[in-house]
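Undergrad: Chains as they are written, first to last, in this note's numbering: chain A, 1350 to 1595; chain B, 17 to 245; chain C, 56 to 276.
Hints in this document: simulated from the structure, not taken from any laboratory.
The beta carbon of each residue, even a glycine, is placed where N, CA and C say it ideally should be.
Hints should not be assumed to be uniformly reliable.
[What the hints assert, rightly or not] Beyond 10 Å from chain A on every Cβ pair, some chain C residues (computed):
| # | residue |
| --- | --- |
| 1 | G94 |
| 2 | D123 |
| 3 | L166 |
| 4 | V173 |
| 5 | G242 |
| 6 | V257 |
[Claimed, not checked] Which chain B residues face chain C? A few, computed with CB under 10 Å, are given here:
| # | residue |
| --- | --- |
| 7 | R76 |
| 8 | G80 |
| 9 | A118 |
| 10 | L119 |
| 11 | A122 |
| 12 | G232 |
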Amino acid sequence: MHRFANPTQFMRIADAVYPWAAGLSLILFLAGLPIALVTSPPDYQQGETVRIMYVHVSSAWLMMMVYGIVAANSAAFLVWRHPMANLVAKASAPMGAVFTALALITGMLWGQPMWGTFWVWDGRLTSTLILFFLYLGYLALGDAFEDSERGDKAAAILALVGSVNLPIIHFSVEWWNTLHQPSIIKMDGMTVDKSLLLPLFLMMGAFTSYYVAVLVLRLRSELLAAKIRNARMSQVAVNQAAQPAE
Amino acid sequence: MVRPMGGNGDSFQIGGFSGTGLACRRGGRLVFTGLAFNLPPGGALVLRGANGSGKTTLLRLMAGLSGAAAGQLAWDKIPIDDPDAHAARLRFIGHLDAVKPALTVAENLEFWMSLWRGAGLNAGISQALDAFDMRPLAGFPARLLSAGQRHRLALARLMVAPAPLWLLDEPGNALDESSLAALARTIAAHRASGGAVVVASHGAAFVEDGATLNLGAFTPTDASHWSEE
Amino acid sequence: MSAFSTVLARDLRLALRQSADSLTVVAFFAIATVLFPFGVGPETNVLARIAGGVLWVTALLAALLSLDRIFAVDFEDGTLDQLVLAGAPLPVVVVAKVCAHWLTTGVPLILVSPLLAVTLHLPAAGYGPLVLALLLGTPTVSLVGAVGAALVLGTRRGGVLLSLLVLPLYIPILIFGTAAVEAALTGLPSTPMLSVLAGFMVLALTFSPWATAAALRQAVE
Chain A
1350 MHRFANPTQF MRIADAVYPW AAGLSLILFL AGLPIALVTS PPDYQQGETV
1400 RIMYVHVSSA WLMMMVYGIV AANSAAFLVW RHPMANLVAK ASAPMGAVFT
1450 ALALITGMLW GQPMWGTFWV WDGRLTSTLI LFFLYLGYLA LGDAFEDSER
1500 GDKAAAILAL VGSVNLPIIH FSVEWWNTLH QPSIIKMDGM TVDKSLLLPL
1550 FLMMGAFTSY YVAVLVLRLR SELLAAKIRN ARMSQVAVNQ AAQPAE
Chain B
17 MVRPMGGNGD SFQIGGFSGT GLACRRGGRL VFTGLAFNLP PGGALVLRGA
67 NGSGKTTLLR LMAGLSGAAA GQLAWDKIPI DDPDAHAARL RFIGHLDAVK
117 PALTVAENLE FWMSLWRGAG LNAGISQALD AFDMRPLAGF PARLLSAGQR
167 HRLALARLMV APAPLWLLDE PGNALDESSL AALARTIAAH RASGGAVVVA
217 SHGAAFVEDG ATLNLGAFTP TDASHWSEE
Chain C
56 MSAFSTVLAR DLRLALRQSA DSLTVVAFFA IATVLFPFGV GPETNVLARI
106 AGGVLWVTAL LAALLSLDRI FAVDFEDGTL DQLVLAGAPL PVVVVAKVCA
156 HWLTTGVPLI LVSPLLAVTL HLPAAGYGPL VLALLLGTPT VSLVGAVGAA
206 LVLGTRRGGV LLSLLVLPLY IPILIFGTAA VEAALTGLPS TPMLSVLAGF
256 MVLALTFSPW ATAAALRQAV E
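Let's have the full structure, built from the sequences with the hints guiding it.
TA: Okay, here's the thing in structure tokens:
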């Protein structure tokens, strides 16, 4: 496990993983999008609106998976001081936030024809909105320190606190929702017919491999940036050492 | 709670303090690397070096406030792995005085004494008040103190409960001559009873025959230190 | 437990000497609550319906404003370094400071909440559950808030950031705190909601001191 801690080793693995992830993502999108958007049958209840689901469910799947990845890597970073785990968490979080936003937007677009309004305090939409705030908090905290290492640790602790709280928040919001709006159509209305499963799985696969490919790209650029930063810093140190101290 | 107890004047559980292969990273930069020291009981170590050479960083590392990027600290040749147990045997005086302006001088000292020694030892602060000539100020709120008096109050904390290891960051700052002499006497008495002291200082007139550690010698100069391994 | 009582006593004494801080929080609670009738109109039945929710939201915001007091001053004047080095388990010190925060902000908020409820025409059945829910909920507010307060130490924009970190985590408390009052108003028992709030408090007491201690250790690093 610790060999991933070595950036040089990691770069080698990353170079090997990237083409596969990017290629898989491309193939799955090319295969999945035409089926999802054109050839798959419209739902007998929801009509063509059902096609939003392919993007919505895939985004929602990734927003949860990425939060899990952020929390697990934050734990690994805090417990084993594993620097790559920190980089994975930091590089994943903005993508998680974007997928959460995408899930929210597609959820609202789906809601407009189904509910007649863009926003309903549906349990799942509300939980997604709160998860979006948790992502924003994580990103803001990581960015709020002059010393980036402090930001890393603070954000990692926050990610763990958030992962303990997420089930509680979800349970509370669901309960609150049934208390106030028992009659509303749930997102559960999106029950999945068998004919829709193939495009759904293709799209989820495409989204997931897209995430992996972009993650590897972001990690690579982060490592290179660190390398440049350190080269500059040590240049400064060398220059300072050359001058006699006062 | 494991802690070296003893009334004022008693000797402590004496032990040597040492470190090997220490490296520390601040803001992504390696401040020092390959640093080693050995401090016997009764010994003194004076840290020297230019601004940015890591004197404060090393003191905070010795206190267990920050972690080392590499290396090991040891007490009595046993590696230190419990930060709380290590904290209980040291006193740290940093740049900040940790003085509460709303409390009186005596209340400030009593708080630290009862935190470090347990409550109910109210007689103990008189020695600390005398050591840095704070007795006339004992009843005053600390907000009325000057910068030098606040610093003396911070130093007086050293006397409220004995601890075998003192870590002092520029303890002579803002002190007048008689206070500097008092500081020198306090450190000498601490060492005479077997205590060890580490001082980061530009002018070390208040430490007699201490070993000197020049941090400039451990500053890394090449760019190869960005990986963790 | 001497570290606990020592730190608690010191923080209470400091709060007493600087009691204007606690009063400001209570004053904020009052003024923010008083804004609502201007916003939604003075109709008795409208105010009565929203009273529970309004009081909970404003109490959370008032508590939020006071959170930075828990650690920020100690961080700035160097006391936090010394507390970390106290040789006592840091979570114990954290619980002592959180207790002091609750006693000096949570309790005053609870004490004035019935008065403010009068101005919002809260029906008589709501008072008991409101006070009980605040009593069970505000310790959790302090405990969870302490994590956030420790995390933002040394940041450029601590206050605003703190609200972004902490308010989402307060939503469950808000939901069940308000529901306890509403249940009483519709003639239902509010015990289930109060039990959930008590459960949250136990959970927070289990996890938050450790998370706060971890955050404090990285703050002084």
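Undergrad: Run every hint past the structure and note whether it holds.
TA: Here is what the structure says about each hint:
no.: 1; hint: G94; in the structure: 20 Å, holds
no.: 2; hint: D123; in the structure: 14 Å, holds
no.: 3; hint: L166; in the structure: 27 Å, holds
no.: 4; hint: V173; in the structure: 26 Å, holds
no.: 5; hint: G242; in the structure: 15 Å, holds
no.: 6; hint: V257; in the structure: 12 Å, holds
no.: 7; hint: R76; in the structure: 8 Å, holds
no.: 8; hint: G80; in the structure: 7 Å, holds
no.: 9; hint: A118; in the structure: 4 Å, holds
no.: 10; hint: L119; in the structure: 7 Å, holds
no.: 11; hint: A122; in the structure: 13 Å, violated
no.: 12; hint: G232; in the structure: 24 Å, violated
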